[in-house]
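Given the coordinates of chain A, work out where chain B with the ligands should sit on it, guided by the hints.
Chain by chain, the residues:
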Amino acid sequence: MQVQVGSRILGVSEMPDVKMLNVTKTFDKGRIVAVDHVDLFVHDKEYLTLLGPSGCGKTTTLRMVAGLVEPDEGEIYIGEGRVSGLPPEDRDIGYVFQQYALFPHMDVWDNVTYGPLVKGWNEKKSEGIGREMLELVRLYERTDAFPRELSGGMQQRIALARALAAGAKLLLLDEPLGALDAKIRNELRYELRKLVKDLELTAIHVTHDQGEAMAISDRIAVMRKGKILQVGTPQELYMKPQHLFVAHFIGESNFLEGYVSKVTKKETVIELRGGLMVRTLDKTHKEDDKVVIAVRPEVLTIEKGKKEGVNSLFGQVEKFRFEGTNTRCEIRFENGDSAVVVRPALMTEWLDVGEKVTVSFPVEKSFVFPYPKRGLREELTLE
Amino acid sequence: MNKGIHGIDRKKLIAKIAVFATLASLFIFVFLPSFFLISFTFTKWPDVYTEVFANPFIGDTNWIEIQKHLALSLRLAFFAVMLDLLFGIPLAYLLARKKFWGKGFLEDLITFTLVIPTSGFGFATVLTWTTTSGLGYLIGRGIVDIDFLIPLINVPFMMLIVHIALTFPYIVRTLQAKLEDLEPVFEQASRTLGAFPLTTFRKIVFPLTLPAIFSGGVLAFARSLGETGATMVVSSIYTTAPIAVIRWVSQFKFGSASFLGCLLIVVASAVILPVEFVLQKRGGPTFRFFSIRRIEKKILKTEKFVSRRLSRIKDVISLIFILLIVILPIIIVLNSVALSWSHDPDTGRVEGSVLYQLFGPSNYFASLLKATMVSFASAFVATYVATCIAIPTVFLIERHRLGRFIRSMLRIPLIVPTSALGLSILLLWGPGGLKLVNPGVWLIVLTHIVFSVPVVVEPIIATFEGSEIPMFEGAARTLGATPYNTMETISLPLLKRGILTGFILSFTRSLGETGATFLVMGSDVTIPPLVVNMVEALAIPAALFASTYLIALSFVLLLVFRMVTKR
Ligand SMILES: Nc1ncnc2c1ncn2[C@@H]1O[C@H](COP(=O)(O)OP(=O)(O)OP(=O)(O)O)[C@@H](O)[C@H]1O
Ligand SMILES: [Mg+2]
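Chains as they are written, first to last, in our numbering: chain A, 1465 to 1847; chain B, 2 to 568.
Note that these hints are calculated values from the structure, not bench results.
There may be inaccurate statements among the hints.
Chain B regions said to be covered by chain A (calculated; three or more residues, Cβ under 8 Å) [to be verified]:
hint : stretch
1    : 84-90
2    : 458-471
3    : 537-550
Under the rule of at most 20 Å between Cα atoms (straight-line distance), these lysine to aspartate or glutamate pairs were calculated in the EDC-like manner [claimed, not checked]:
hint : chain 1 : residue 1 : chain 2 : residue 2
4    : B       : Lys13     : B       : Glu489
5    : B       : Lys100    : A       : Asp1536
6    : B       : Lys302    : A       : Asp1556
7    : A       : Lys1770   : A       : Glu1798
8    : A       : Lys1493   : A       : Asp1554
9    : A       : Lys1754   : A       : Glu1721
10   : B       : Lys299    : A       : Asp1554
11   : A       : Lys1820   : A       : Asp1752
12   : B       : Lys100    : A       : Glu1534
13   : B       : Lys99     : A       : Asp1492
14   : A       : Lys1820   : A       : Glu1782
15   : B       : Lys302    : A       : Glu1587
16   : B       : Lys298    : A       : Glu1587
17   : B       : Lys305    : A       : Asp1556
18   : B       : Lys298    : A       : Asp1554
19   : A       : Lys1583   : B       : Glu297
20   : B       : Lys302    : A       : Asp1554
21   : A       : Lys1583   : B       : Glu304
22   : A       : Lys1771   : A       : Asp1816
23   : B       : Lys298    : A       : Asp1816
24   : B       : Lys305    : A       : Asp1554
Please read all numbers here as calculations on a predicted model, not as lab measurements.
Glycine is no exception: its CB is placed at the ideal position from the N, C-alpha and C atoms.
Looking at chain B on its own, in the form it has when it is part of the complex:
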């Protein structure tokens, strides 16, 4: 009797300790770094103010710069998301509702741009659009100049293209998943009531999937706002906010950098969190559209015409879109590597060849090898630690009264632009702050843990909620299993797929991360920054090889991802 009571007390104590340890590690490794930049800026406000607004020599030039960079980033993100929607929605519909030859391949391609380290892809895109090795081959010069600014919207063309390619999968995947959950019966009902396919889309499918379209849009927007790797490669004379943060840190302009980082965090939160909040409300919002009768008839006529005459065209346009922004860059990189393998294809000089740059005096091969080691080591450790934190966090989210709150908080590291995050880490643990860790692998690991935890948590939660774990656990308990036994024999095995998916997603993300890594890596260069450095040093053949290498790597990751996620 006594012993039993004692036993219960001890169990309670252990449970308490477990909860405390999880909360503490979440706070130290995830939340603190996410918010530190803001508190840093506040505590150092006089210094920051002087540097940004009242520099004795240049006045408020820095402030003007900040506004300019932030405005470019926001314009870029906005138009990228708009175009994502334009091409992504038909594509998601195509994938969710139709069966056709090559569908699996198309889905893989879309996943591919999610897993590829972005700097390599950025280089491939530049090659495709601005050189005669790419599309320019057809007209004898680059299709566009790298600094071509799209008139009216004032967004650099190359940046827009790259951002669309890297963000449209978020729309497609979220919407496709939602559409696959949505019974086609509503669309069928609409058709039997006399609505054309396009009318059905406008009145039924669109309103019912709007939450998914929004949350896909939010993810795409966040990704675009924080994207650094590819953006640096295609940036030419333009500077987005994340690039400015990195540049200023390297010039020791910490005041401007941290102020801009703060603004990025605030702007991202201000745009994204309200949308998230509305979407998270129980049952999702009901959107009602007021149709204006007078133009309704005209719309119906157009929809009839489009449904009848042009139904195929939108599919074809979607496919051409994928071809142009995803497939073509990959093909062109591979082709260029082959062409310039042993000598420069234009001049015939050996110095311009891939082999020479890799193994010649500049010895890029050694750098690449070392970068690979650093990349894999840091990605693995970060993901491993993140997974260890993520698993108890999922139980906390599902079981603890703080669960919902923790889940919302975990959105924040995902939307904090990574260069701001890197700066935050640098100022917290690094030489700028507590001086606990010097730039290098370990600081990279600490940085990557921050965004890896939420990345791992999401798929585990999805599995948890989809697998009726509470029911099975209950069954195990009635059969006499202890809570610990239950966890080991029931919950963890059921969560395995979610954990694996999260692990892979986080690993690939960590491997491709550029913005934060730039700031915290010190001399331990990972692959994505190395590619940026190669491009900036105009070592094009080396960059070609590195991009090919990254594409091959992503391909392997994609295969692993497929193995894990498909039943």
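Here chain A stands alone, though its shape is the one from the complex:
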């Protein structure tokens, strides 16, 4: 039902792709590189999320698409048209600001119909669309309220309705749920996605919350320090991280340092510190390469006592915590390395600190990355 409503009003026919080619933006006379040679392609009617730690350039990227910031280098296309130099009012976008930016001196109705008004649409059309957008976010009965009289969640929905009412085909959302408390945030994510899908919009959503990104997106672009490291569906990023940082940032990983000791047709053998050997199916490294092997805590299994086997590492329990659904166990291996094991609580034996255990993982369930030039710890910091 809502699909038809939205489509009719917006006259949705052709949706834009967004293309960013080699886009760079610096601040402070080049001292701060906020966005560093980014290429990004957003498909028609796609829900894409820009995910990354604080200060990595997500907002700047979004603002360049909106025309609020002009790139130093590179080109941006919305649909067929190149938008470089075009002011925001000519780009036909909807932008939802993190703090909503609802006009404090206007009531809900005037806020929502602001776009139609300044675009000079006729009164009937403006009122129609204002009404329908407010019904869509279920706030039609609050038209006379001023923004400060509304709860955070309501303000968020008004901000969304306002952006949609301006007839935008491309919706840009900068941490739209960031200012809400956890429970409302979780509810609104699904609502937000449903709305975008119902109205057949293209959306670029910025967040630093990986849970939100995983739940809401068709694809996620992971950013760090102004660069996009990997773009993919949530599953792809989880299953096949192509970058150490992605393995770290999407889900959780244990990292073990080592050298490639042998490469055969079937597998690669890696020697960890202290001479421990593990096997992987990795094909990308040569003998003697320094590497980091990443294993997700939830693929590790744990047994009491010392057991021999493929990819079995012997160690001692250092911490053991019950975390509701899961248990979280920190193990220190013989060679001094450590790893975290997460298991469903109902399926785990209770372990005591100091207990001797064997931890193992299947050969196909690990990722191998070249050892980062500037060191593992630096590579994984969020700044």
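This is chain B with the ligands only, laid out in the frame that chain A set:
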């Protein structure tokens, strides 16, 4: 135990005494002089009535004069504020939202006209517009005559120009501060929703900053209504209300002078206080604009055109405006001083040179030196005393239940035109009243304290409210500091910047004050009246030198001001 209770009692007593002393000094030094003129006029009403309305020889001529002068002052203030808004708003927007080369210089220039003693600046402006030493150089005669009356609005051109130059900084500075506080995100939101820059300004920025525009306008209006120094220099045949007050006092027409002074106070209050009251309401008022759909489309079209085609022009116009009314007069004064340093540039005569007038028989240099001493001494003492009253007053305003009331009351000395104030002081402490103090430095000091206290109080309050002092004080108390310790180690150091800013602002204001000083100075002439006297005595080279001297002085003050206010 007993001792503890005793201790508390004593502390309470001391606190009470401190509150009482602050209130008493506020009353004696600030409020009493502000209101005295009104009560004087009432108590002497029969005499005043006879002089103003029923003079046995001239009938109600004085009353007609009063109406004329007051009307001119109001017209002048009104049109000055309107033009301030016209040029000031784009300028404030430019300064608050854009970064560009020379921005700091532009801001300094705007502050400059706030700190410069106005009589010197008035002279520079006259020179610029009415003589061949100024803009007239280009066409071989003055651009306008000094008595040129702008048709339709009936405001003397020179007065309007000078008043705009001296009052537009109030609009620019207040609005700029407000805009810098206002997140640009609202403007950005408006743009992403499809509004052109000018539409965004009309629908978002303007309504959100209207309180600041109003309060800047109020300050500008008050300043224009009371301005005397520059106005006297450019007045030629016209008389504004403050000038009339001064002239009548010198002719011992106290009845007319005090009646006109009263009217000035009443008119200023009637215009300004309602606006202040609306603005002071919690959270500020919400202005809603009803847009008329039918013309809305036309407006939008125009705004689109202007936003697209003419966006740069308004910035350029603002800059030309500054160039014409601030920079040019300064340059022309400096240039003229250089040209006529040793001989008159036109006739070549030595008698028309700066040097001759300074050190020759009229010996203006000695007068200038003496005036400088008087100016600095009185400005320093007045500001010092005012600061001593202002600091406890700020605590009173923030902590005492009378606080809000005191704060509103402190607006009044700021809007009372200074010539009315001077008359009030003269009639209160001086020979016309209690005969406690004779005209001279000490009466100047008493006069300047009146407006200096509110000038010092404002920045201290701003610092107080911006620095979370109560929180830090609370922290200090939990760490075991006594209230006195807390004051000395926490509050005063945190307030230092505010106190310094207030001190400098008050000092410069005191140094440049003309209207009141004229009435109370006796033979202790300060610099600004001296410049007026030079112009009236047609000692132009001397006036040139004095103006240059004032410009240099303001420049130094500006540097000090910058050092204090910038982090
Ligand atoms: N207008 C600006 N002037 C100077 N530096 C800026 C400006 N805007 C952003 N930066 C800098 O650019 C970098 C990227 O900022 P950006 O806001 O895009 O990050 P972000 O990923 O959105 O971070 P967050 O999650 O904290 O919002 C930061 O180092 C920031 O300090
Ligand atoms: Mg951001």
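Results of checking the hints against the structure:
no. : hint                    : in the structure
1   : 84-90                   : violated (count 0)
2   : 458-471                 : violated (count 0)
3   : 537-550                 : violated (count 0)
4   : Lys13(B) - Glu489(B)    : 19 Å, holds
5   : Lys100(B) - Asp1536(A)  : 17 Å, holds
6   : Lys302(B) - Asp1556(A)  : 18 Å, holds
7   : Lys1770(A) - Glu1798(A) : 11 Å, holds
8   : Lys1493(A) - Asp1554(A) : 28 Å, violated
9   : Lys1754(A) - Glu1721(A) : 8 Å, holds
10  : Lys299(B) - Asp1554(A)  : 19 Å, holds
11  : Lys1820(A) - Asp1752(A) : 32 Å, violated
12  : Lys100(B) - Glu1534(A)  : 15 Å, holds
13  : Lys99(B) - Asp1492(A)   : 15 Å, holds
14  : Lys1820(A) - Glu1782(A) : 10 Å, holds
15  : Lys302(B) - Glu1587(A)  : 17 Å, holds
16  : Lys298(B) - Glu1587(A)  : 11 Å, holds
17  : Lys305(B) - Asp1556(A)  : 16 Å, holds
18  : Lys298(B) - Asp1554(A)  : 17 Å, holds
19  : Lys1583(A) - Glu297(B)  : 11 Å, holds
20  : Lys302(B) - Asp1554(A)  : 14 Å, holds
21  : Lys1583(A) - Glu304(B)  : 12 Å, holds
22  : Lys1771(A) - Asp1816(A) : 18 Å, holds
23  : Lys298(B) - Asp1816(A)  : 76 Å, violated
24  : Lys305(B) - Asp1554(A)  : 11 Å, holds
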